[in-house]
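Residues per chain are reported as follows:
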Amino acid sequence: MNLSDFITVWQHYPSILEGFMNTLVFILIAGSVSLLLGILLTPLLMSNRVFIGRSASFYCECMRCTPFLLLVYLIYFGLPSGGIQLSNWVSGIVALIIYNTAYMAIILKGAWKDLPHDTIEAGRAFGFHGFGLLRRIIMPPVLLRATPMIGNQMIQIVKDSAFLGIIAVTELTAAINAIQSTYFIPFASFLSAVLMYWVICLAIELLTNLFTRYAEVRRA
Amino acid sequence: MNAYDYWSILQGAFATVGVSLVGIVIGIPLGLGLALVRWARIPVARQLAFVYVSIIRSCPAVTLILLVYFGLPQFGISLSPLLAALISLSVTAAAFNCEIWRAALLAFDRQQYDAALAFGMPRRMRVMRIVLPQVWQSSLPGLVNEMTMLVKSSPAIAVIGMVEITRAAQRVGARTYDPLPPLLVGLCLYVAIIFLLVRLQRRLERNVQGQEAAV
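Here the protein sequences line up with chains A and B, keeping their order. Residue numbers 286 to 505, in our numbering, belong to the letters of the first sequence in order. Residue numbers 278 to 492, in our numbering, belong to the letters of the second sequence in order.
Bear in mind the hints are in silico, worked out from the structure with no lab data behind them. C-beta atoms are modelled at their ideal positions from N, C-alpha and C, and glycine is treated no differently. There's no promise every hint is true.
As the list claims (entries may be wrong) - DEER-style ranges, computed between Cβ atoms:
no. : chain 1 : residue 1 : chain 2 : residue 2 : range
1   : B       : 398       : A       : 302       : 52 to 58 Å
2   : B       : 483       : A       : 496       : 18 to 24 Å
3   : A       : 313       : B       : 298       : 53 to 59 Å
4   : A       : 302       : B       : 283       : 21 to 27 Å
5   : B       : 298       : A       : 467       : 56 to 62 Å
6   : A       : 306       : B       : 482       : 55 to 61 Å
7   : B       : 287       : A       : 306       : 53 to 59 Å
8   : A       : 407       : B       : 410       : 46 to 52 Å
9   : A       : 343       : B       : 298       : 44 to 50 Å
10  : A       : 496       : B       : 389       : 43 to 49 Å
11  : B       : 389       : A       : 287       : 47 to 53 Å
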C-alpha cells in the first residue's frame, strides 16, 4: 500500500460522492421518519390499555432482538413469497424505518418515564388532551431530554445503512467496494470509507452536542 | 424444508454464538487496557486510544470486516474468513468495551485509591486488588449488553463467506426457492439467543443494585 493507491481511489470521486450522498439521504430520510413514527408509537407503548401496550412493546422487543441484516433479507427476499415485491431501494428504506422506529420509541419511553407527573396533570387541567397534550406538553421536554440517545441512534442508522450494500443499493460501502474490486486496492479504498463514516458520525455528535446545550439553556 | 435444513441453520447459530463469544473474550482485556491507558492519562497513548475508539465506534461492521479481510493481505497477512471475522469482531468489541470500562472507572470512588496509596501499595497492586474487583462488578451488565450488540452485528461476517445463521438461512432459501421459512427460523434463533442474553443482563443489573444497597 502507498499513496498512489489513495490517489487512484480518489480519482473516482464522482462515484464515491454518489455513494456518500446516497448514504446521507438514507440517514436523513430514515432518521427523520423513524423519529416521527417513534413519537407516534411512544403513547401506544405507555398506553393503559393492556392490548395496545402489549402489542406495541412486543413489536419493540422483536426489533431489539433482530439483527438488521436479517430484517432486510426478510423484506427483500421474504416478502415476495407473500406477494409484496419491493425494489432494493424501497426495501432498504423501509427496513431502516421499521427497525429504528422501535428503538426511537424505546428511547422516548425512557425519557417520558423520567418526566415528572405534575407536568402532564397540569396540562390536563388546562384542557389539553389527546394529540394536543402529546405535541404541546409531553414531547418537547421528552425530546430535549432524549437528544443524546437520539444522536446515538442516528449513528446506529449510519452503521446499519452499510448493510444495504448487500442488496445492491449503491451506498458508500458498495461504491467503495466496486472501486476496490476493479483496481485491487482494498486497503486504501476501505480505509477511505471508514474515515468518511467517521466524519459523518463526528458531524452527528457535533449536532447532538449543540442541541443538548440548547436544551440546557431552555431548561435553565 | 427438511430436517437437515433446520440442522444447518442451527449449526449457523453455533457459529454466531462462538464467534461473538471469542470476540468479546478477546475484546474485554483489550478494552480494559485502552480504558486504563485513558484513565492513567498516559500522554500520547491516551490520544491514540481516543482516536481508535472514536473511529471504530463509528465504523459499520460490514466496512470493517471488508477492510480486514481484503485489506490485510496487501501487507502479506493472509487470513481465513474465520480469522478475519474474529479479528474484526474483537477490534469492535475492544472499542465498545473501552467505553464501558471507562464509565465504570470514572464512577469509581477515588478516595479508595488514595487510601491504598496511603497504605503504600505499589501501583500494580492498587489496580489489581482495589480498583479491578469493584469496577469489574459494575461493568458486567454493560459487557453482556455489548455481547448482545455483537450478536446483532455478526451477520456482517456473512459478507466474507462465513456461514452463520443469516447465511445458512439464505442458503437453505436458495435451495428450496422459498426464502421466507428459513429466514423465520433464523429469526427465532436470534430472538432466543438475544432474549437469553438480555435476561442475563437484567439479573446481573439486579445483583449490582443489590450490592450497592447492601453497602
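Hints versus structure:
| no. | hint | verdict |
| --- | --- | --- |
| 1 | 398/B <-> 302/A: 52 to 58 Å | holds (57 Å) |
| 2 | 483/B <-> 496/A: 18 to 24 Å | violated (33 Å) |
| 3 | 313/A <-> 298/B: 53 to 59 Å | violated (37 Å) |
| 4 | 302/A <-> 283/B: 21 to 27 Å | violated (46 Å) |
| 5 | 298/B <-> 467/A: 56 to 62 Å | violated (37 Å) |
| 6 | 306/A <-> 482/B: 55 to 61 Å | violated (42 Å) |
| 7 | 287/B <-> 306/A: 53 to 59 Å | violated (42 Å) |
| 8 | 407/A <-> 410/B: 46 to 52 Å | holds (48 Å) |
| 9 | 343/A <-> 298/B: 44 to 50 Å | violated (28 Å) |
| 10 | 496/A <-> 389/B: 43 to 49 Å | violated (37 Å) |
| 11 | 389/B <-> 287/A: 47 to 53 Å | holds (51 Å) |
Taken one by one, the earlier hints fail for this structure at numbers 2, 3, 4, 5, 6, 7, 9, 10, listed in ascending order.
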